[in-house]
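Modelling step: build the complete structure from the supplied sequences, incorporating the hints.
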Amino acid sequence: MSAHFKLEREGAVAVVRLDRPERKNPFTFQSYAALRDWFRDLTSDDETHAVVIAPNGGNFSSGGDVEDIIGPLTEMDMKGLLGFTRMTGDLVKAMLTCGKPIVAAVDGVAVGAGAILAMASDIRLATPEAKTAFLFNRVGLAGCDMGACAMLPRIIGQGRAAELLYTGRAMSADEGERWGFYNRLVGAHELEAEALKLASRIAQGPRFANMMTKTMLLQEWDMGLERAIEAEAQAQAICMATEDFRRAYRAFMAKEKPVFEGD
Numbered sequence: 095m096s097a098h099f100k101l102e103r104e105g106a107v108a109v110v111r112l113d114r115p116e117r118k119n120p121f122t123f124q125s126y127a128a129l130r131d132w133f134r135d136l137t138s139d140d141e142t143h144a145v146v147i148a149p150n151g152g153n154f155s156s157g158g159d160v161e162d163i164i165g166p167l168t169e170m171d172m173k174g175l176l177g178f179t180r181m182t183g184d185l186v187k188a189m190l191t192c193g194k195p196i197v198a199a200v201d202g203v204a205v206g207a208g209a210i211l212a213m214a215s216d217i218r219l220a221t222p223e224a225k226t227a228f229l230f231n232r233v234g235l236a237g238c239d240m241g242a243c244a245m246l247p248r249i250i251g252q253g254r255a256a257e258l259l260y261t262g263r264a265m266s267a268d269e270g271e272r273w274g275f276y277n278r279l280v281g282a283h284e285l286e287a288e289a290l291k292l293a294s295r296i297a298q299g300p301r302f303a304n305m306m307t308k309t310m311l312l313q314e315w316d317m318g319l320e321r322a323i324e325a326e327a328q329a330q331a332i333c334m335a336t337e338d339f340r341r342a343y344r345a346f347m348a349k350e351k352p353v354f355e356g357d
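Position 222 of the sequence shown, counting from 1, maps to 316 under my numbering, and the rest follow consecutively.
Worth flagging that the hints you see were computed from the coordinates, not collected in a lab.
Computed from a predicted structure; not experimentally measured.
Treat the hints with care, as some may be off.
Said to hold, decoys possible - Here are the computed lysine-lysine pairs in the DSSO-like style, where the Cα-Cα straight-line distance is at most 27 Å:
{"id": "1", "residue 1": "LYS291", "residue 2": "LYS100"}
{"id": "2", "residue 1": "LYS308", "residue 2": "LYS187"}
{"id": "3", "residue 1": "LYS308", "residue 2": "LYS173"}
{"id": "4", "residue 1": "LYS351", "residue 2": "LYS187"}
{"id": "5", "residue 1": "LYS308", "residue 2": "LYS351"}
{"id": "6", "residue 1": "LYS100", "residue 2": "LYS173"}
{"id": "7", "residue 1": "LYS100", "residue 2": "LYS308"}
{"id": "8", "residue 1": "LYS291", "residue 2": "LYS308"}
{"id": "9", "residue 1": "LYS225", "residue 2": "LYS187"}
{"id": "10", "residue 1": "LYS291", "residue 2": "LYS225"}
Stated by the list, open to error - So the derived label-pair ranges between C-beta atoms look like this:
{"id": "11", "residue 1": "ARG344", "residue 2": "LEU167", "range": "56 to 64 Å"}
{"id": "12", "residue 1": "PHE346", "residue 2": "GLY253", "range": "43 to 51 Å"}
{"id": "13", "residue 1": "ILE164", "residue 2": "TYR260", "range": "19 to 27 Å"}
{"id": "14", "residue 1": "GLY183", "residue 2": "GLY152", "range": "22 to 30 Å"}
Glycine included, each C-beta is placed from N, C-alpha and C at the ideal position.
Here is the structure:
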């Protein structure tokens, strides 16, 4: 648990939500660090097999808190500023390398660092009312924040990403679905249930193999095709040596559903 975010558990799924609903769940210095540390610790958490990042009070996150973060940043020297921007980037790195599939359930506003939190998740669901904006440009900053210039074009395409990052305008939920940022849109009353259903389905799968899938999705971003094919051959051979692979074979032969145990 943390004083800076809520953590609930639904079986093997951890449900995380920023916990300042009266302010639309902005980030503070402390909540950045707390989430970064929590995702880092997930690598050795054998009880959590998937994560849902959920809204709170009808909103996902309004990004960096103007009073608690942006104000103090204007008074920092370069060493302090770089320490902060590296910390925020470390949150994204921790999400990408935690070994657990992450489902973002977005409602209301997801802007600034809130949009990044959704972007860094593996799968994204949203309500039709969701507004997503990479609004760094609107506060005098570059769009290249927390990996946005690397990740967003790969999700929605270079031109669309450039427009959002240069203008800071909100991407509607409909645009987000059409462009591939959101996997699908669901009603607000269904959002968390659908996200939890999806995460639970993933959590019931072969979690070692899911970890390998997440690892390869990240590592293959900067690989050539031949190197990627070889890396996947090695990863798959490792998975073929697991007991879960043998369980799946025995279940198939017995016309039963496999029950994976992660070894």
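We went through each hint and held it up to the structure:
1. With a C-alpha separation of about 19 Å, the suggested pair LYS291 and LYS100 falls inside the 27 Å cut-off, and the hint holds.
2. Between LYS308 and LYS187 the alpha-carbon distance is near 13 Å, which keeps this suggested pair within the 27 Å criterion.
3. As the CA atoms of LYS308 and LYS173 are separated by approximately 33 Å, the hinted pair breaks the 27 Å bound.
4. Between LYS351 and LYS187 the CA atoms are separated by roughly 35 Å; this puts the pair beyond 27 Å, and the hint is violated.
5. This hinted pair checks out: LYS308 and LYS351 have alpha carbons roughly 23 Å apart, not beyond 27 Å.
6. Simply put, LYS100 and LYS173 have alpha-carbon atoms about 31 Å apart, too far for the 27 Å limit, and the pair is violated.
7. Between LYS100 and LYS308 the alpha-carbon distance is near 25 Å, which keeps this suggested pair within the 27 Å criterion.
8. Annotation: proposed proximity of LYS291 to LYS308 holds, straight-line Cα distance about 19 Å (limit 27 Å).
9. Proximity of LYS225 to LYS187 is assessed by CA-CA distance (about 24 Å); at most 27 Å being required, the pair is judged to hold.
10. Of the supplied pair hints, the one linking LYS291 and LYS225 holds, its CA atoms being roughly 23 Å apart against a limit of 27 Å.
11. Between ARG344 and LEU167 the Cβ separation comes to about 57 Å, which falls inside the hinted range of 56 to 64 Å.
12. A beta carbon spacing of about 45 Å between PHE346 and GLY253 agrees with the range 43 to 51 Å that was offered as a hint.
13. Under the hint 19 to 27 Å, the C-beta atoms of ILE164 and TYR260, about 20 Å apart, fit the expected range.
14. Judged by the Cβ atoms, the range 22 to 30 Å given for GLY183 and GLY152 holds: they are separated by roughly 28 Å.
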